[in-house]
Each structure stands twice: as structure tokens, then as C-alpha cells.
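Student: In order, the protein sequences belong to chains A and B. Quick note, the first sequence lines up with residues -10 to 343 if you use our numbering. Quick note, the second sequence lines up with residues 2 to 540 if you use our numbering.
Hints were generated in silico from the structure; no laboratory data involved. Glycine included, every Cβ here is placed at the ideal spot set by N, Cα and C. Worth double-checking, as some hints may not be accurate.
[Unchecked claim] Here are some chain B residues the structure puts well away from chain A; computed CB gaps all over 10 Å:
1) Gly33
2) Leu74
3) Glu230
4) Val240
5) Lys386
6) Gly475
[To be verified] List time: in silico DSS-like cross-link candidates among lysine-lysine, alpha-carbon distance up to 27 Å:
7) B/Lys239 x A/Lys307
8) B/Lys316 x A/Lys293
9) B/Lys365 x A/Lys68
10) A/Lys65 x B/Lys386
11) B/Lys13 x B/Lys114
12) A/Lys65 x B/Lys420
13) B/Lys137 x A/Lys41
14) A/Lys65 x B/Lys384
15) A/Lys68 x B/Lys420
16) B/Lys7 x B/Lys141
17) B/Lys381 x A/Lys65
18) A/Lys104 x B/Lys381
19) B/Lys316 x A/Lys104
20) B/Lys141 x A/Lys41
21) B/Lys137 x A/Lys260
22) B/Lys316 x A/Lys307
[Unchecked claim] Label pairs and their calculated CB-CB ranges:
23) A/Val83 x B/Phe227: 51 to 57 Å
24) B/Lys473 x A/Ser141: 58 to 64 Å
25) A/Val83 x B/Gly215: 45 to 51 Å
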Amino acid sequence: MGALFSFVVVILLILVAYVGVAAAGLQSIFGIVIPYVAVLTFIVGVVYRVIKWGRSPVPFPIATTGGQQKSLPWIKQAKLDNPSSTTGVIGRMVLEVLLFRSLFRNTKSELRDGKLGYGSAKWLWVAAIAFHWSFWIVLLRHIRLFATPVPSFVNVLENLDGFLQIGVPRLFLTGVILLLAVTYLLLRRFYVPQVRYISLASDYFPLFLIMAIASTGILMRYFFRVDIVGVKELTMGLVSFNPVIPAGVGTIFYIHVFLVSTLFIYFPFSKLMHMGGVFLSPTRNLANNSRMVRHANPWNYPVKVHTYDEYEEEFREKMINAGIPIESTVLPEEFEEEFKEKVEDAGTPVREEE
Amino acid sequence: MAKTPKPEELSKIDYKLPEKGWMDTPVEFKEGMYCHGARPQYLETVDFPNPRQWSSKKDEDWKLPENWKEIVLNGMKERLEKYRSFRLFMDICVRCGACADKCQFFLGTGDPKNMPVLRAELIRSVYKRYFTASGKMLGKLAGGRELTLDVLKEWWYYFYQCSECRRCSVFCPYGIDQAEITMIGREILNLLGLNTDWIAGPVANSYMRGNHLGLEPHTIKSNFDFMAEDIEEVTGIKVEPTFNRKGAEILFVAPSGDFFGDPGTYTCMGYLMLFHELGLDYTWSTYASEGGNFGSFTSMEMGKRLNYKIYAEAKRLGVKWILGGECGHMWRVVNQYMDTWNGPADFLEVPVSPITGTRFENAKSTKMVHIAEFTADLIKHGKLKLDPSRNDHLKVTFHDSCNTARGMGILDEPRYILKNVLNHFYEMPEETIREKTFCCGSGSGLNAAENMELRLRGGFPRANAVKYVHQKYGVNMLTNICAIDRAALPTLMNYWVPGVDVAGVHELVANALVMKGEKERTQDLRLEPLPEKVGAENV
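With the sequences and hints as input, model every part of the structure.
Tutor: Printed below as a string of C-alpha cells:
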């Protein structure tokens, strides 16, 4: 149900943009107003969310240790999986953020004849890496539309991305990889029973949305060619705050922009915030050095405890009898003579009551 | 108590998922899968709310305060503001499912709500409904749901089917730690007096008597006398441990499980023999007689209240530093909570081994050293005379406890010790050891009697890996550095892998330890005959 709902919503979004632009002629709404609103929502929303996380403190150093701790000098520490220094933490975070280190550990378990086996399961990692990296590169390539002259790294990126030199305009691999990866991620939500069982509408929606974004982008570049000069005029107008709507940019462009705007608006309110969240995850971004350096809890407060004196008060006689030293030098009356010796044997000096 | 099914039946685990979505599948309380509710006197002892006689069966009246919903939601709000972990983990899960089959309770039960992602979703759905804009507006579409009595009971059932082992957290791409969510979930449940009896009892005992078993000072002493007698029988040497002795150099704190009952007592005898042989100037404490911390299975505050005693006692006795015994969650607490809770321990000194002179820089703030670090250092410096052949009747594997593996990372120290005190060591498959280790199935206070089926199921993946090395190499001894392991694994082994015994690492150290002036050893610490000597002594 969640999947169907999300699919329908994305189709509706496409229709809204199509009708709005092709029939109602609302180019300036879809090309100017909504993108501005989207970018603003994205920035404000993300900052708000991150600040909200930041306002909750990290009271305890709860790093998940994924390897050997730092202890004796001759025992080899797993410096990245169980870091004890800032450098180690940075290394761990780099591996986590750029290479999805933890997901790379993924295994698949299988129960056969009462025996559990564990196999390698790297497809999720492969798809996730492919998806995120290609999405990122696609995004960077779009800088071409927002800067004149085009920064040289964008050209370098395009040359790498299009190194196959197929077709005119030449094929960018990342666009295709993005679409394939997102399709895989969607299909596993359909076909892996456990994943299907846990999936919510908010899991399907971004996948359908991104799929639609990638598809419209690809259609626009290779099939229904849009007037790229007009597009750049529009995008440059947006970044220079002199928005214009050039004539003759195809409707599909506005659909694409509308979907991207939707993604930007949706982002801060959704699980997509994992992008920012991973940096703040206390099981990953803390060093396991809490026996070396005291971690302070800002809301640490005094608690009610059962003190030694209260304990001894309850068990004094039994302790004396068992020859366990006691703190109180004033013995209960009935013990004075009988146990003085015993107490002294146990190492507690006995003082006469004053 | 429910009759426990036979292993053949229990190992046929049905992973088929229900037709209906999880939100529409009400929780069903299965006998043997949950614990009794906490008795009122235990809660009263530590001033916890809502003490009353109640039954934890689902259909019974749980006798909750009228405004329970308000208490829960306020409790959530408070914790969202106090723990970045909680707010973040509520927000960023993408439900990729990587954690699903990493949980031993899911692997052992097939119950989808034991997938860490769904266990989290049980509370995340309420978070969404009451604390996020999307959930308030879109409800179920945004993954939100109403907090009902049924949902509350579902939390109780499933937060006490999680052993806070953190295995899921190793595999999660964002490090979402279900242990953290379970801990906070239990904390919230405790606002309503919803603890289990087997956690609340040990908490009250630890609070009043210093240890979870409720042993009074003279009982501790007499237990040690028994152990000393056994040691004398085996070695001819009389060990004389001291208690609450002021001016000792070191305070030794072990899990109290080691004072009472096999095989923990053998580990304790191991400590006693080692310290005697070293002539260590150390003392036990009857007041701080528990390293383990059942408070940490209840709430952070309760954890702190119990943990307080260790530093307080160290200060009172005037020791220089603290040495800690073999215990799992005790060491998660020591490593990640103790200093923050009850430190700084500026009245202690940076630990230095009086035997080797090694300065334990890694413990320079907490001032507390793990005995495996201490002993590994002794062996490395050649300070122990060891005869590994005395353990030749044992084929040994090592079970990493979840807490020491994933909340600390003490992996190679115990292995180094084992390889020096015995000749036959075999590792279990790599997906089941070190940071990927499986829980014994009874951690975090789940080791009660009435939830035996849950424990056997949760321990199934661990047992399965033991069975593998048992069949392949003839492994007959499962070692560990955790008192809950020593309490829980014998039952698990009896059930799943008969023929495998359980021991703490220091039991085997003591078996191999050649002591000054000892008589010829013919028995191990269990008073079982030592293997026949073949050829020259392997010293």
C-alpha cells in the first residue's frame, strides 16, 4: 500500500507540473517560485534539523567498538574500527561516509537443517555505493548550469563520466548507474520479504521520486531535447536573483525541476536526513578512549546512593563475627568485650567510647 | 512455566512473515518468552515509581497509573532532549534492513519484531506520531501510530527480548544502536514500574547488600572459605584473601556471580590463586561486591547509583587503583559510563602493575584495569610459570561477550592468555566472534528461569557456532570473560551442544599456573583428574 501510494503521488506530481506548464502556462511558478521556495526550505530545514540534533547532548561515550581496543603496547589496535584518537575517528568517519564501511560488513544468514550459515552479501553495499556516488556526481555536473564560466572540475568530471564516448550528446554513465541502482533498491523492497515487511510509504516515496528525477533528466538529455541555452539562461537567472523565463524550454524541463524541488522540500522532513545524521552518530564519531579521558555529561546530577555507613550499620555485627574490618570504632554495647579482640584481629583499631 | 520444546523442534525456525503489516499485528505474549513483573518490594527499595503486585501476562491488568500515557510521552520528550543518540536514531533510519538478520533473537525466533529495525520502529512509530510534523499530519503514512495500551505492552515484551548486545549497531551504516534504544525504552517503561522481577530483584540486592545475589558480608566470606579449601585440596596452598582491608594497593572487583555457583566459582578460585602466587597487595570488598550492574538494565540513574560504590569504596579503603574481574556488561559500564557517572577518580593513581611495572595508560582516567589486560601483561613479561599441558584434556574455544567486544574491544588479551595456558585452542567461525560475536541470549537481565525458551532461542546462533567447532575439532570447553555467560551458557550448551563445558579464562590460567610450593597437581580446579603426563613437562 505504501508503495502504491508513493507511486501515485509521484505520478500526480508529474501531472501537476505538466498541466501547470503545458496547459496553464505557469512557467514562472514552476521555474522560479517553486525552486526558490524549495532551496530555501532545504537550507532552513536542514539547518534546523541539525541544530535540533546538536541541542541534545551526548551524555555518554558510546562508541560501538568494531575491533581490538588500544590497551597494551604490544597488542595491535584496530585503529580505524576501534579508534582511540581524533585521527582514528576521522579515518573511521571517512570510511563510513565515503565508503559505507559498516554496510560493507553485511552478511546473509541461512538456516539449513538446523545449521546457521553466513554468506557474503555485498549487493546492498554495491547498490548503495553506486546510487549515492552517481547521484553526487550527477549533482556536481549540474554546477555547469549555475556558473559561468563552468568550473574546470566540472569539465573534468564530465570527461570522466562520458569517457565511453557513446552517442551525441555523449552518454554520461552516472545517469544510467543512478537509475539502475535506484531500481535495484526499489526492487529489493518489493522482493526481499523482510525488507518488504519493514518498508513504509516514506521508504518508497523518495525512491520513486528519485527514479522520476533521473528518468526525466535522461529523457531531456537524450530523447526530448530541451533548449540548453534557454535552460542555462533560466538557471543563471535564478542564481543571480534576476530570474527570467526564456521562451521555448520544453515542458519536461519544468517537470524535472518540479520533482527536484519536491525532493528538496521533502528532504529535511524525512529519513533522507541520514546524510547529515551519519556525521553526528555517537556510536561512530566518538573515540573509544573513555578510560583515558573523562567524558563529561552536561546533565550529570547527584543521585541517591546507599552509602558504606548505611551498609555497615545494617551488617556490623555480622561483619565483626566474620572477622571483616569495620569502619565504626564505636562498637555496639553487647559486642564491646566479647568481640574487641576479634575486631582488632581483623585490623580495625578500637577506641574507647568517650 | 511453559514446557520447553526439544532442540529438534526449536531449531526449526519459521522465518515466514505474517500476511498483515506489523502495525496491524497485535503483540501476542508467548509463554517461555517473557519474564515475571517486578515485585513491589524491589521497586520500593530503590524508590521506583508504581510499586504494586502485578502479573505481566498480556491480558491481566497491569495496574498502571491513570496518566500513564502522559508519563510515557513526557519521558520520551525528556530523553529526546537529553540523548542525541535517541533523537538521531529515531530520525535517520532508512530501513535498509541490513540489521534484520544480525540479531540472535530474530535468528532464533523468526519473529519479525525481533529484527532490530522493527524493534526500534515500535517506539519510532510513536515518536513520529507525537514528535514530528509529518507524523502528526500524515499518521500511518509517515510511519506513525497511536500510543495505546497494546503498544505499551508490545514495548515491554520486545524490549525485554533484546539483550542490548549491539550486534546490529556494528552492521548499521549509521551506527544506529538498538541497545541504546532498548535502554531508553526500558528507562521509560520503568517510569510506570514496568520492570522484570529478575532485574528489579538484583537491583534491590545490589543496592542494599552490594551484590546482585544479595550475599551478606559473612556469607561472602564463608563462600571464599569454601573456595580456599578447594584450592588447598588441589594445590596444597592456603590462600588468604582479605576483605574491606584499608591500605591495600589494589581493590579487586568481580561480578558476584563468581562467588556463588559453578562454574563462576572456579574462575574466582583462579583469581585467588593468581593473586596469591603474585603476592599481590589487594583486597576484596563486601560493600562493593558487584562489578555487574543490573541498574544499567533499568535506567542510567539506577546504573549510576549502583556503580557509585566502586569508587566510593576505593576511596574509603585508600587503595591506589582498581582491578576488575571477568564480566561483560560490567566492563561496558566501566569503559563507557563509570568515569562520567561517578568520576573523576582523582583520589586514585594511574594503575601500575606492581609485578611488571607496566603503566596502564589506557586506564589512566578511570584507574581501573581489566584482569585480562593485567594477566596478559604478566605473561608477556614472563612473570608466570605455566604448564599448559595441565589443560590438555580441554579443547577450547573462546566466546567474546557482546559488551566487552562491542562496548570496549577487549578481544586479543584473553586470546593471548588462553594460547599461553593451554595447547588446544580453536576459533569459532569468524562471523560469530570478535566484534561480530553472538550474545549468549541471556544478557541484559534476561537470564531468568521463566523465559527459558527465549534464552535458548536467543542463544541458538552462539550454540550453533559452538556445535560447529565441537563437531569439527572436538571442542569441549567454551571459555569467556563474562559472569552472565558462565551462568547462562552451561544451560545453553546442555540443551544445544551436550558435551561442552563452560569456563572463565582465569580458571584455565589457574589450572596451568605452577605455584611456588605447590604439591603435585593431580586435579584441576573442578577436582577432576588431570590428564596423564606424556613425556617431559612442557613448562
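Student: For every hint, state whether the structure bears it out.
Tutor: These are the hints, each one checked on the structure:
1. Gly33: Holds: least Cβ distance 20 Å, greater than 10 Å.
2. Leu74: Holds, since 17 Å exceeds 10 Å.
3. Glu230: 16 Å, holds
4. Val240: The assertion about B/Val240 holds, with a minimum of 16 Å to chain A.
5. Lys386: 20 Å, holds
6. Gly475: Nearest chain A Cβ is 18 Å from B/Gly475, so the label holds.
7. B/Lys239 x A/Lys307: Roughly 24 Å separates the two Cα atoms, so the pair holds.
8. B/Lys316 x A/Lys293: The given pair, whose Cα atoms are some 18 Å apart, holds under the 27 Å limit.
9. B/Lys365 x A/Lys68: 19 Å, holds
10. A/Lys65 x B/Lys386: Holds, at roughly 25 Å.
11. B/Lys13 x B/Lys114: Holds: B/Lys13 and B/Lys114 sit about 18 Å apart, inside 27 Å.
12. A/Lys65 x B/Lys420: The given pair, whose Cα atoms are some 16 Å apart, holds under the 27 Å limit.
13. B/Lys137 x A/Lys41: 18 Å, holds
14. A/Lys65 x B/Lys384: 21 Å, holds
15. A/Lys68 x B/Lys420: 24 Å, holds
16. B/Lys7 x B/Lys141: With Cα atoms ~40 Å apart, B/Lys7 and B/Lys141 exceed 27 Å; violated.
17. B/Lys381 x A/Lys65: Distance of about 14 Å is within 27 Å: holds.
18. A/Lys104 x B/Lys381: 39 Å, violated
19. B/Lys316 x A/Lys104: 51 Å, violated
20. B/Lys141 x A/Lys41: 24 Å, holds
21. B/Lys137 x A/Lys260: The hint holds at about 16 Å.
22. B/Lys316 x A/Lys307: 23 Å, holds
23. A/Val83 x B/Phe227: 51 to 57 Å: 55 Å, holds
24. B/Lys473 x A/Ser141: 58 to 64 Å: Taking Cβ atoms as reference, B/Lys473 and A/Ser141 lie about 60 Å apart, which means the hint holds.
25. A/Val83 x B/Gly215: 45 to 51 Å: 50 Å, holds
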